[in-house]
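Novice: Chain by chain, the residues:
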Amino acid sequence: MGAMMAVLHKETDFVWRRRTTKKQVLIWISWLIGLSIVMFAWNVISEKTIWFFVQDAPRQAADIGSRMIPPKWSYIFELITPIWDTINIATLGTVIAMVIAVPVAFCAARNTSPHTTVRLFALFIIVSSRSVNSLIWALMLVFILGPGVLAGTIAIGLRSIGFCAKLLYESIEEIDETQVEAIRATGAGNLQQMIYGILPQVLPTIAGVGIYRWDINIRESTILGLVGAGGIGLQLNGSINTLAWTQVSTILLVILATVFVSEWVSAKVRGAII
Amino acid sequence: MLTLKNLTKRYDTGDLALQNVTLSVPDGQVLALIGPSGAGKSTLIRCVNRLVEPTSGSVKLNNLNLPKLSSRALRRARRKMGMIFQEYALVERLTVMENVLSGRLGYVGFWRSYFRKFPSEDVKEAYRLLDRVGLLDMADKRADELSGGQRQRVGICRALIQNPDLLLVDEPTASLDPKTSRQIMRLINELCQERGLTAIINIHDVLLAQMFSQRIVGLALGEIVYDGHPDGLTPEVLTQIYGEEDWSATIEKVDDSDESEIEE
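Keeping their order, the protein sequence lines are chains W and S.
Under the numbering used here, the first residue of the first sequence is numbered 1, with each subsequent residue one higher.
Under the numbering used here, the first residue of the second sequence is numbered 1001, with each subsequent residue one higher.
These aren't lab readings, by the way, just hints derived from the structure by calculation.
Among these hints, one or two may not hold up.
Unchecked claim - If you only want the chain W side, here are some residues facing chain S, beta carbon under 10 Å, derived: (1) Asp176; (2) Thr178; (3) Val180; (4) Ala182; (5) Ile183; (6) Arg184; (7) Thr186; (8) Gly187; (9) Gly189; (10) Leu191; (11) Gln192; (12) Ile195; (13) Gly197; (14) Pro200; (15) Leu203; (16) Pro204.
No residue lacks a Cβ here, since even glycine has one placed at the ideal position from N, Cα and C.
Based on the sequences and whatever the hints tell you, model everything.
Specialist: This is the structure we're talking about:
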């Protein structure tokens, strides 16, 4: 018996490797190509950099840092209105974006879109909204609407439509179709199927995406003032231009605190939804 | 009376799921449809309420030819066909009550259904049904809080509140343990008797099929290969439906469990 087992083992001497030799060589070659590209790019950047300035960087940074301390605390009172504007820009912009993004998402999702043409149009809206940064939207809107909070709000809204609609339509495409089927089988109409079969499944995503985008928009709206679209960025720009570094550090601290609070709020809300 | 005539379904992939199936189910009959996976059982019942569109053939329910109906008339016809699903297919994030009432969507307008303003008779009927299946206390629980057996009971209520003429049941016990499976099958059977319902029940389990139906139809590769009394399932017949296997144990067990069920 023992002898037989030994023979069997010899005959079934299995060798297992994760990849074939050909695949392994291909992987090595692609790594080589990737590394060469990185080294080439580094070379180009290096040629175009004035290294004297870079060597000087730690000293310059330390210099600005020392000028920033201590922050000018009394300046905070002048920041209350701008930070309030910033929060409003973010919140209103997100609300506008969500109101538009939800129907756009239903038109863009393969399983709920009424027609291919409608779907392509919805996808076009999503792509064009996403391809332009909110700062560039703001730049254009300041020209059209004049400087102020309105331009900032609409800029944030326009930029967010694509982001929210994309995440939403992907989630709509991933719903459990049998739940919808069950509602359809009762003789429910198309809109009823949407409200009973689909909406309950995507409602958590709608709320989650809205909160997530609001969180991002708080941060984005702090810089819109740089181009005159309202909010705390205006003060930041002014302070940097006048080399008022103690004011700059105060503004940065206020922004940090605001972002901190928005993170906390969105984490709480997200926890409550799921 | 449900009559299928030369019902054929070919999927876009080219798979022929049903070939010339002709079958008539008299009112009040509970029919079990057995057969191996892929035999076309699900396709057959879905061709009746047109969750799957038949390729050719006719499906007549009380002289209404279902495949020819306009989408509006189809919705009207679906109200009279309750369906019970394999994985329950409850809307997980809605409450038990909302799930049961969704069976009335075919009768209620859009805005009333949106605001959950169902007629009070519907709500009363929903409570009555939940009481009948023993889930009265669960009415306000969310569907995803329930166990498998409880979910399937909600699924049954949703189908019955439609006040259907026909019950289409697709693998009702496939995700349940043996005891719950029996309870669910017994419940479906009792409810069919109480209301004189016609039912087609797809089921994998030959024992359950024999225990809880008046007639068995065996489907293999999209064709009917057996149609007759539950007692007629001999080893030869099972081999014809499922293929070669030692069936003696399966059939012996039928007698055993039948007796123990009666003693209970």
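Novice: Hint by hint, note whether the structure agrees.
Specialist: To see whether the hints hold, each was checked on the structure:
no. : hint   : in the structure
1   : Asp176 : holds, 8 Å
2   : Thr178 : holds, 4 Å
3   : Val180 : holds, 9 Å
4   : Ala182 : holds, 4 Å
5   : Ile183 : holds, 6 Å
6   : Arg184 : holds, 7 Å
7   : Thr186 : holds, 5 Å
8   : Gly187 : holds, 3 Å
9   : Gly189 : holds, 6 Å
10  : Leu191 : holds, 5 Å
11  : Gln192 : holds, 5 Å
12  : Ile195 : holds, 6 Å
13  : Gly197 : holds, 6 Å
14  : Pro200 : holds, 4 Å
15  : Leu203 : holds, 7 Å
16  : Pro204 : holds, 8 Å
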